[in-house]
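J.: Here is what each chain is made of, one letter per residue.
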Amino acid sequence: MTDNIYISLLIMCLTVYMIRLLPLLFLRKPIRSRFFRSFLYYVPYVTLAVMTFPAIVTATDHLGSGIAALIVGLVVAWINGDLFVVAISCCATVFLTGLFL
Amino acid sequence: MEKTTLTDPRNASSTLPSNRRDWILRGFRDGFPICMGYFAVSFALGIEAKRVGLTAFQSFLMSTGMVASAGEFAALMLIASRAGVFEMISTCLVVNLRYFLMSCSLSQKLSPATKTIHRFGIAYCITDEIFGLSSAVPGWLEPFYTYAITLVSVAGWSGGTVLGVLVGNILPAAAVNALSVSLYGMFLAIIIPPAKHDPFIGGLVAVSMAVSFLFALLPLTRGISSGFKVILLTVLIAGAAAVIRPVDEA
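Protein chains in written order, with the working numbering: chain A, 1 to 101; chain B, 102 to 351.
So here's chain A without its partners, still in its complex pose:
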């Protein structure tokens, strides 16, 4: 188990940097494997979806605020899709619903 935060951060920073560095350094041709290419293509969607739900619902003090933020986030992302706008809309939803809950 790693209790030292600096060592943890160093390990994780190096891991993330290596992920970004190795293809740039060694890969000068496109990936051949169709399966691997497809797998990499789908990874962000699954990872971010799993991290977002159900965590967003339980992130705030009230379950209702979390559910409202999820719904507003989905709708705004569907209509607009801008990172900043979606993030702010979710925050505003939690703030406003928090006034009534």
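These aren't lab readings, by the way, just hints derived from the structure by calculation. Each hint should be verified, as a subset may be incorrect.
Not the full set, but computed from the structure, chain B residues with beta-carbon under 8 Å of chain A [unchecked claim]:
id	residue
1	Asn-197
2	Asn-278
3	Ile-293
Beta carbons: idealized from backbone N, C-alpha and C, even for Gly.
Assemble chain B onto chain A, guided by the hints.
T.: Positioned in the frame of chain A, the structure of chain B alone reads:
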């Protein structure tokens, strides 16, 4: 987001910089909106970092060293759960795997004349947004354009994280509560627009969320650490998706 930058009217209407200095100035300008967006999101990350027990300096190191939204969110989760080295490395690998693909893609954008040292430099700059702008440039990529965008963006990213740690607790509880969902909002902004254009990705997102929810409910799986849950579900669901519908073009 890459799609929107590709159709950005600014890119089409303005002429391309012809020298390094102009590319750098262009990078500063293009990096500014990213800086603003990063600031709001990383402020929430700083609040989370504080909650997990990180100091302002440690959170500065984390944000400057990693420059990864979901990746740092996962990192905090790992620190909070006192994860082992194996779990840290494997979770970081899976959560940041998309950067691997972006790195593959950017490796094709560098001219053969570009010095190898720039491959080390560009590697640091790969985030969803900076990758999007860098790959939208016609022809070979001028590394200093990417460096300029990154300088401005990371200033917002790291500054926001540090401020989140320092003044996050001065904010009223209602505001902190509200900011705690900004990261999730950002994740939705990354996954929902492609889901809108491709029903298969929409289904993939829905299935991922449903299975994630089940894992949180079922007695057998609810004890699994969040880090391993992300790895397990990503490998299984993205793997299944790759078998069901292989991608034609990378």
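J.: Look at each hint and say if it fits the structure.
T.: Structure-based check of each hint:
With its C-beta approaching chain A no nearer than about 5 Å, Asn-197 (chain B) sits inside the 8 Å limit, and its interface hint holds. Hint status for Asn-278 (chain B) relative to chain A: holds, with the closest Cβ pair at about 5 Å, below 8 Å. Checking Ile-293 (chain B) against chain A by beta carbon gives a least distance of about 4 Å; that is within 8 Å, so the hint holds.
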